[in-house]
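The listed protein sequences correspond, in order, to chains W and U.
Heads up: the first sequence is residues 5 to 297, going by our numbering.
Heads up: the second sequence is residues 883 to 1228, going by our numbering.
Please keep in mind that the hints were generated in silico from the structure rather than gathered at the bench.
Check the hints yourself; a few may be wrong.
[Unchecked claim] Simulated DEER-style distance windows between Cβ atoms:
hint, chain 1, residue 1, chain 2, residue 2, range
1, W, Val56, U, Glu1162, 40 to 48 Å
2, W, Leu278, U, Pro1026, 54 to 62 Å
3, U, Glu938, W, Gln147, 41 to 49 Å
4, W, Gln147, U, Gln1035, 30 to 38 Å
5, W, Glu62, U, Glu1129, 37 to 45 Å
6, U, Asp908, W, Ala104, 55 to 63 Å
[What the hints assert, rightly or not] Sample of chain W residues lacking proximity to chain U, with all beta carbon distances greater than 12 Å (derived):
hint, residue
7, Gly17
8, Leu91
9, Leu158
10, Ala215
11, Val244
Even for Gly, the Cβ is constructed at its ideal location relative to N, Cα and C.
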Amino acid sequence: MAAGDAPQRPPGGAGWLLLAPLVAWAAAFVVAPAAIMLAYSFAHRGTLGGVVPGFTLEHYAALLDPVYLRILLRSVAYAALTTGVCLAAGYPVAWVIGRAAPRRRNLLLTAVMVPFWTSFLIRTYAWVTILRSEGLLNSLMMQLGLISSPLALLYTPGAVLLGLVYTFLPFMILPIYASVEKLDRSLVEAALDLGAGPLRAFSRVVLPLTAPGIAAGVLLVFVPSLGLYAVNDILGGGRVDMIGNVIENQFRGNARNWPFGAALATTLLVGFGLVYALLNQRQRAAAVRPLRA
Amino acid sequence: MSRLARRACIALAALCFACGGGSGEDELDLFAWSEYVPRPVLEGFTQETGIRVNYESFGSNEEMLAKLLSGAARYDLIQPSEYVVEALVKEKLLLPLDHARLPNLKNVGPQYWGRPHDPRLEYSVPYMQGSVGIVVNVERVKQPVRGYRDVFQAKHAGRIVVVDDALEVVSWGLATLGLGPDQVSKESLARVRPVLASWLPLVRVYDSDSPKTALLGGDVDLGIVWSGEAAVLIREQPGRFVYVLPEEGAHMFIDNLAIPKGAKNVAAAHAFLDYVLRPEVGRKISEAFPYTNPNLEARKLLSDAERANPASYPPGDPQLETFRDIGALAADVDALFTELKAKSGS
């Protein structure tokens, strides 16, 4: 995420010692589980769940079924839409907070983080109370005479999107805020002095300088919203499956098909890896461009 | 080592200790459905015997199986449904019960003996029984609803909640074809496909955890749900909701307590089983979770209103079928449901 202008040195002995806990943590909780998942995805299904050792590609072949492709595409679409709305809504907020006077800035930051003090599930169920037929929003609009019969708000794709954006908005605001706060105001002034309009100053100066924050925000929102199916279950009524639902069903549902679930999860992991690599490369390219200009 | 690191180490060590503990003579590790064993029952048992109960919960039979089979944790008592008892017995993963230590087993009604999953109750004790049936909001639905076919009508589009459970939904389709819940096969799945393909686009909500929520909030008017959920609706708002056992054929589930292989405290497990089978304890369970109590002596202690709740005790006490273990076909059932759901949604 760092701009990469400081020369990078390989860590010395003390550095490795400091890194050891992180490396051990990653090995135990990231690499090992991923390896187990990979191994399971080639095994045979056990009758009660679990796996029977062996090697087969049938679970990856099953993935090519258009049904799962369609579910995957829909999940990606929801995640992309969530990311887009979060970016559009979050960037101005992050900008305002980053440019505010220090004391107000802390107050605003706290306001962004307050929702984290309550459990995610409780906040999502709160939306059920607001959106349902006899809920707060419908009652309010009926009282005001805006509508004559309740609108179907809950259990709709819109409710799912609302829930996802609500959950992940802070994850977009915070990294962009960090970039905005570091942004040297005189650079913007210089751009304006040298004849750039506000739009041009934004696209040529502000946007490239806050790009690391945007990239971090996009990753922090896109990746988890692709896997978070609880919002879909609670606010969407579970009417259409997300890829997360399908994976869950292989382990916790009727299917008891662990290897297939593992194949799905492995595919997602590889997909995330590719997206990350792509974003990283773009960012590196973006970091170099201003120097050449 | 920095102070922070040292503290972290101490905290970790304490955590390990806490995890490793809990295997003494005076403890019982119970692995049961979430929200299914009332706290007063656990406390009463501890007060009387001095045995502390560690209640770990699960949300589906398959989740329970996954943890049980992983062998990472050992349990003294588990709470599988009947088709899982059948599978566990087949795989020899349950310990036989010592009926001499269960004098209260006599309270279990005769209709719970001779069931295919465990005919002589050698491995399991019925805890609660429920059915799956239709709830109708009679304020909004005026025509009589008698079966699955009446629910899945075009005029009810977007007004239906069903449990999010592939095997359940498939069994309803089978019932309309005149097939029982135990007749799942590749052929019957092919026959049920067009039925479900016409049904699923009408469904507004899939919810296994709390299907009553959508009905209570007025978002849907009909539901096919667990009888315990229906019983709560009828208890909370009598007159607004009615419960109907589908005319095409209803089925039931029996949730049981059983001792898995590898249990450490078999004596305490038996003591708990016999405690739960006491009439006054069974009464407490019914109060909290108004399913059908298999304990006939406990039923006698219920209030008239509780006994008259048609979701808990359907009139005429109909004899219902149960699911059977379907082995690898489970994956086909899931694939069919997933596919039809994906095609019916937006």
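Each hint tested on the structure:
1. Val56/W with Glu1162/U: 40 to 48 Å: holds (47 Å)
2. Leu278/W with Pro1026/U: 54 to 62 Å: holds (56 Å)
3. Glu938/U with Gln147/W: 41 to 49 Å: With Cβ atoms ~46 Å apart, the hint holds.
4. Gln147/W with Gln1035/U: 30 to 38 Å: Roughly 33 Å apart at Cβ, these two residues keep to the hinted range, so it holds.
5. Glu62/W with Glu1129/U: 37 to 45 Å: holds (41 Å)
6. Asp908/U with Ala104/W: 55 to 63 Å: Holds: the Cβ-Cβ distance is about 59 Å, inside 55 to 63 Å.
7. Gly17: Per Cβ check, Gly17/W is outside 12 Å of chain U; nearest 17 Å; holds.
8. Leu91: holds (24 Å)
9. Leu158: Violated, since 6 Å does not exceed 12 Å.
10. Ala215: holds (34 Å)
11. Val244: violated (3 Å)
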